[in-house]
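Participant: Start from the sequences, fold in the hints, and give me the full structure.
Sequence lines, in order, name chains A and B. Residue 280, in the working numbering, is where the first sequence stops; the numbers in between run on with no holes. Residue 126, in the working numbering, is where the second sequence stops; the numbers in between run on with no holes.
No lab work stands behind these hints: they were computed from the structure. These figures come from a predicted structure and were not determined experimentally. Check each hint, because a few of them may be wrong.
Here are the simulated SDA-like pairs of lysine to any residue, each with C-alpha atoms no more than 20 Å apart in a straight line [stated by the list, open to error]: (1) A:K215 to B:E53; (2) A:K215 to B:S12; (3) B:K50 to A:L184.
Chain A is nowhere near these chain B residues, computed Cβ spacing over 12 Å in every case [what the hints assert, rightly or not]: (4) T28; (5) G32; (6) T80; (7) A103.
Okay, the calculated beta carbon distance ranges per label pair [to be verified]: (8) B:V7 to A:T178: 28 to 38 Å; (9) A:T178 to B:Q118: 26 to 36 Å; (10) B:S61 to A:T193: 15 to 25 Å; (11) A:T178 to B:K82: 22 to 32 Å; (12) A:S187 to B:S63: 40 to 50 Å.
C-beta atoms are modelled at their ideal positions from N, C-alpha and C, and glycine is treated no differently.
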Amino acid sequence: DIQMTQSPSSLSASVGDRVTITCRASQSISSYLNWYQQKPGKAPNLLIYAASSLQSGVPSRFSGSGSRTDFTLTISSLQPEDFATYYCQQSYSTPRTFGQGTKVEIK
Amino acid sequence: QVQLQESGPGLVKPSQTLSLTCTVSGGSISSGDYYWSWIRQPPGKGLEWIGYFYYSGSTYYNPSLKSRVTISVDTSKNQFSLKLSSVTAADTAVYYCARECLHSRWELDYWGQGTLVTVSS
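Facilitator: Okay, structure coming up:
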């Protein structure tokens, strides 16, 4: 199985801050990397697919980059509705695997 | 607009079989463009991928659960189902159904709202 490791596990930030979350794969996954946002009690919501493609309807302050084993999710200016947990997921091979999550909290 | 909705018992006894159904609306489960997937999330923990079903009949299950999992489809009802046998407390989780998009990078683009299944006597 491909292991996905996110860092940090949690972070505190203020509204307006630039936030960066990283995700590392245990082997090359090309650009088969997706990012999801999950709010408490809700299903995950797709933000970024194919490492850097913005899902329809997702605000442009979200962006993704990276390839092979190292990937980044960036929120350019954190908004109140962005406080949530973020997961990366590889879709390069089965079984699909997720990172452990990064919880973004209010500072 | 595609919508997925999970249904099934919220409480299952240990050693019994967990059975859930996902009803898809706004799109056909017989489309060759998607895998139909199950994912679960134990309370307070991360996401675990269970497996998927393709309209052709092929399936793939997470090896960690393979001996206990069956995913099947009822095209007449536009539904797909999950069965997990010999459950224990470790199977207590919110179970999500989701659609995996094959014509892109196999991302999970639509999810159900999730249903909590508790394993307890």
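Participant: Evaluate each hint against the coordinates.
Facilitator: For each hint, the structure was consulted:
Distance check on the hinted pair: K215 of chain A and E53 of chain B sit about 16 Å apart at the alpha-carbon level, within 20 Å; holds. Between the alpha carbons of K215 of chain A and S12 of chain B the distance comes to roughly 16 Å, so the proposed pair stays at or under 20 Å and holds. Note on K50 of chain B and L184 of chain A: the hinted pairing holds, with a Cα-Cα distance of about 17 Å set against a maximum of 20 Å. With a minimum CB-CB distance of about 15 Å to chain A, T28 of chain B clears the 12 Å threshold, and the non-interface call stands.
At roughly 15 Å from the closest C-beta of chain A, the C-beta of G32 of chain B stays outside 12 Å, upholding its exclusion from the interface. Residue placement check: T80 of chain B keeps its beta carbon more than 12 Å from all beta carbons of chain A (closest about 23 Å). With a least beta-carbon separation of about 8 Å from chain A, A103 of chain B fails to lie farther than 12 Å from that chain, contradicting its non-interface assignment. Distance hint check for V7 of chain B and T178 of chain A: the Cβ-Cβ separation is about 31 Å, which falls inside the suggested range of 28 to 38 Å.
The given range of 26 to 36 Å is respected by T178 of chain A and Q118 of chain B, whose C-beta atoms sit roughly 29 Å from each other. At about 41 Å, the beta-carbon gap between S61 of chain B and T193 of chain A misses the expected band of 15 to 25 Å. Separation of T178 of chain A from K82 of chain B is about 40 Å and departs from the stated range, judged on CB atoms against 22 to 32 Å. Checked against the hint of 40 to 50 Å, the pair S187 of chain A and S63 of chain B passes, with Cβ atoms roughly 48 Å apart.
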